[in-house]
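Take these sequences, add in the hints, and give me the full structure.
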Amino acid sequence: MGNNQEQCCAVPTIRMETKKLSVNYGANFGVKDVDLKMCTNQVTALIGPSGCGKTTFLRALNRMHDLNPAIKITGTALLDGENIYDTGTDPVVVRRKIGMVFQKPTPFPTKSIYDNVVAGLRLVGIRKKAVLDEAAERALSGAALWEEVKDRLKAPGGSLSGGQQQRLSIARALAIEPEVLLMDEPTSSLDPNSTTRVEELIQQLKNTVSIVIVTHNMQQAQRVSDYTAFFYVGEMVECAPTSELFKTPKHERTKEYLGGCFS
Amino acid sequence: MILKLRYARDSVFRIMIALMTILVVLPLFIIILYVLINGGSAIRPDFFLRDLGSPIRAMTGQPSGLIHSILGTIIIDLCALFIAVPFGLSAGILMSEYPDNPLAPPAKLLTSTLNGMPAVLMGLLAYALIVKNSGGFSAIAGSMALAFVMIPIIARAAESSLRITPWSLRENGLALGLPRWIVITQIVIPAARPGLITGILIAFARGAGEAAPLLLTSFGNNYLSFNMSKPMDTLPQRLYSLAISPYKQWHVMGWGGAILLLFFVIIVFYVGRKMTAGMEARAEQKIH
Numbered sequence: 001m002g003n004n005q006e007q008c009c010a011v012p013t014i015r016m017e018t019k020k021l022s023v024n025y026g027a028n029f030g031v032k033d034v035d036l037k038m039c040t041n042q043v044t045a046l047i048g049p050s051g052c053g054k055t056t057f058l059r060a061l062n063r064m065h066d067l068n069p070a071i072k073i074t075g076t077a078l079l080d081g082e083n084i085y086d087t088g089t090d091p092v093v094v095r096r097k098i099g100m101v102f103q104k105p106t107p108f109p110t111k112s113i114y115d116n117v118v119a120g121l122r123l124v125g126i127r128k129k130a131v132l133d134e135a136a137e138r139a140l141s142g143a144a145l146w147e148e149v150k151d152r153l154k155a156p157g158g159s160l161s162g163g164q165q166q167r168l169s170i171a172r173a174l175a176i177e178p179e180v181l182l183m184d185e186p187t188s189s190l191d192p193n194s195t196t197r198v199e200e201l202i203q204q205l206k207n208t209v210s211i212v213i214v215t216h217n218m219q220q221a222q223r224v225s226d227y228t229a230f231f232y233v234g235e236m237v238e239c240a241p242t243s244e245l246f247k248t249p250k251h252e253r254t255k256e257y258l259g260g261c262f263s
Numbered sequence: 264m265i266l267k268l269r270y271a272r273d274s275v276f277r278i279m280i281a282l283m284t285i286l287v288v289l290p291l292f293i294i295i296l297y298v299l300i301n302g303g304s305a306i307r308p309d310f311f312l313r314d315l316g317s318p319i320r321a322m323t324g325q326p327s328g329l330i331h332s333i334l335g336t337i338i339i340d341l342c343a344l345f346i347a348v349p350f351g352l353s354a355g356i357l358m359s360e361y362p363d364n365p366l367a368p369p370a371k372l373l374t375s376t377l378n379g380m381p382a383v384l385m386g387l388l389a390y391a392l393i394v395k396n397s398g399g400f401s402a403i404a405g406s407m408a409l410a411f412v413m414i415p416i417i418a419r420a421a422e423s424s425l426r427i428t429p430w431s432l433r434e435n436g437l438a439l440g441l442p443r444w445i446v447i448t449q450i451v452i453p454a455a456r457p458g459l460i461t462g463i464l465i466a467f468a469r470g471a472g473e474a475a476p477l478l479l480t481s482f483g484n485n486y487l488s489f490n491m492s493k494p495m496d497t498l499p500q501r502l503y504s505l506a507i508s509p510y511k512q513w514h515v516m517g518w519g520g521a522i523l524l525l526f527f528v529i530i531v532f533y534v535g536r537k538m539t540a541g542m543e544a545r546a547e548q549k550i551h
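Chains as they are written, first to last, in my numbering: chain V, 1 to 263; chain G, 264 to 551.
To be clear, the hints were calculated from the coordinates, so they are not data collected in a lab.
Mixed in with the good hints there might be a few duds.
Cβ-Cβ distance ranges computed for the label pairs, FRET-style [to be verified]:
1) V:G162 / G:N378: 49 to 57 Å
2) G:S397 / V:E82: 53 to 61 Å
3) V:D133 / G:K537: 32 to 40 Å
4) V:D133 / G:I337: 41 to 49 Å
5) V:P192 / G:D273: 56 to 64 Å
6) G:V534 / V:N41: 31 to 39 Å
7) V:G162 / G:G303: 38 to 46 Å
Each computed DSS-like pair below joins lysine-lysine, with the alpha-carbon atoms no more than 30 Å apart [stated by the list, open to error]:
8) G:K537 / V:K154
9) V:K19 / V:K32
10) V:K72 / G:K537
11) V:K97 / V:K255
12) V:K19 / V:K72
Virtual Cβ for every residue (Gly too), placed ideally from N, Cα, C.
Structure, rendered in structure tokens:
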């Protein structure tokens, strides 16, 4: 199971890699022994039925499970060759290199659009206006939102539409210049137009940041990703270049899932 | 036919609700009216310009007032709030944001218990800690006693306000690589601001109305004083002294003081509600 990881990287540079990564909730396991390579400037999609562990796996990649003392993680997750779960490693430092965008867009309610975007910089002590202004413009442009909001940066973050709020969340994550961007079903709560815009954005962003995206939508996985990993009951069944996985899946389970036998 | 019956039952229900509400609100109006009638005559310029002085002033009909009680109430209550807010807020943050900390379960138990305790016990605590050790009654002891009353109220209000902020705020903050204490202070607390301010104002109004703990700590003073290490007068404790005194002039002044105290508490709650309604309306606009 899951021995196609060599084919999960077209480029020689591996940005992130997991080796026998497991996530356990007490006696139950959420994810078991996942070996997955995610390469630089590549979009890796994680697909699978509900409860298969893809979101659990995603959250293990930036140590979000640290918030829950009941969860135990074993195995390694390497960012540029260094294990993010080493005892000496600070999760705060890890999360500055591995950003995350969640399913529900959450602008910080008491902050303006500008303050939302620069929150990751200003709240850690970077106060110089020139630096923050440059970061805000770069991040908002990178999230394809600059033209729409450049004249109302002081407006509340919540005054934007759902799709704009999600792009604001992406801009906020991009402002701290992460190396990897994790996206947990980023378009599930958006209308079709906004979904299209975010998908176009993902295609542009992969030139600057490596992306791992969890999606329930198989068509979306086909549209945006270079490689797709199929998860089932906590294990990674198969990983291959997207077109190959969808046209000629090697594993029986993958064929059943893609054929709509279960979801 | 059935529809008419439904409408009729609906009307009966609404009338009952209205009557019950009137029954609840009516005593408040009766109290306000009673206090206004009895104390109205005391409200004159002297009331706000002079202190009480010795009983001879009352016996000889000389003018006196409660300026020392009014200012003393403001000073002692504000000092109490200044002491109570950091402690109450910290306890609330611990209970809400760090529930796995070993201090959190006892903190929850103690704040619930202390919330229901008679305030006179807080006065006894301040008496034992400060009055006995410093050798005398003082305004600072009074502030401490009121702070002990305010802390559990602020802690509980802070805990509930923080707990109802969406978990996604914390997740999004932490995912930006922000340390946990920055996420709490810069993202979660601002989002909980309306609830926090309401809690602080309620605690303030509650503390401002307490007389018993002050009888044991700040004790009272017939003269105007700004010395925190000496006895100071406050309205609630002064009302008690005036009511049990043998002088008619002082009885009337007591009713006048009651008017002030009543309106002080009403105004604090009104301002608090207006502030939080404004904040909530702005917050709702932001998240349309």
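Query raised in the report: Does the Cβ distance between G:S397 and V:E82 fall inside 53 to 61 Å?
Result: The hint (53 to 61 Å, Cβ to Cβ) holds, given that G:S397 and V:E82 are roughly 59 Å apart.
Query raised in the report: Within 30 Å, alpha carbon to alpha carbon, are V:K72 and G:K537?
Result: violated, 47 Å
Query raised in the report: V:K19 and V:K72: Cα distance at most 30 Å?
Result: holds, 15 Å
Report task. Just tell me: holds or violated, for the beta carbon distance of V:P192 and G:D273 against 56 to 64 Å? Result -> This hint is violated: roughly 43 Å between Cβ atoms.
Query - Pair hint G:K537 and V:K154, alpha-carbon separation not exceeding 30 Å - result: This hinted pair holds, its Cα atoms lying about 25 Å apart.
Query raised in the report: Okay, V:G162 versus G:N378 on CB: inside 49 to 57 Å?
Result: Hint violated: Cβ distance 41 Å, outside 49 to 57 Å.
Report task. May I ask you to test the hint 32 to 40 Å on the CB atoms belonging to V:D133 and G:K537? Result -> Distance hint for V:D133, G:K537 holds at roughly 36 Å.
Report task. Given the range 31 to 39 Å, decide if the beta-carbon distance of G:V534 to V:N41 lies inside it. Result -> violated, 57 Å
Query - Consistency of beta-carbon spacing, G:G303 to V:G162, with hint 38 to 46 Å - result: Cβ of V:G162 to Cβ of G:G303: about 58 Å, so the range 38 to 46 Å is violated.
Report task. Compare the distance between the alpha carbons of V:K97 and V:K255 with 30 Å, and conclude whether the hinted pair is satisfied. Result -> violated, 35 Å
Requested in this report: With a cut-off of 30 Å on the C-alpha distance, tell me whether V:K19 and V:K32 pass.
Outcome: holds, 10 Å
Query raised in the report: Does the Cβ pair V:D133, G:I337 satisfy 41 to 49 Å?
Result: holds, 45 Å
Of the numbered hints listed earlier, those contradicted by the structure are 1, 5, 6, 7, 10 and 11.
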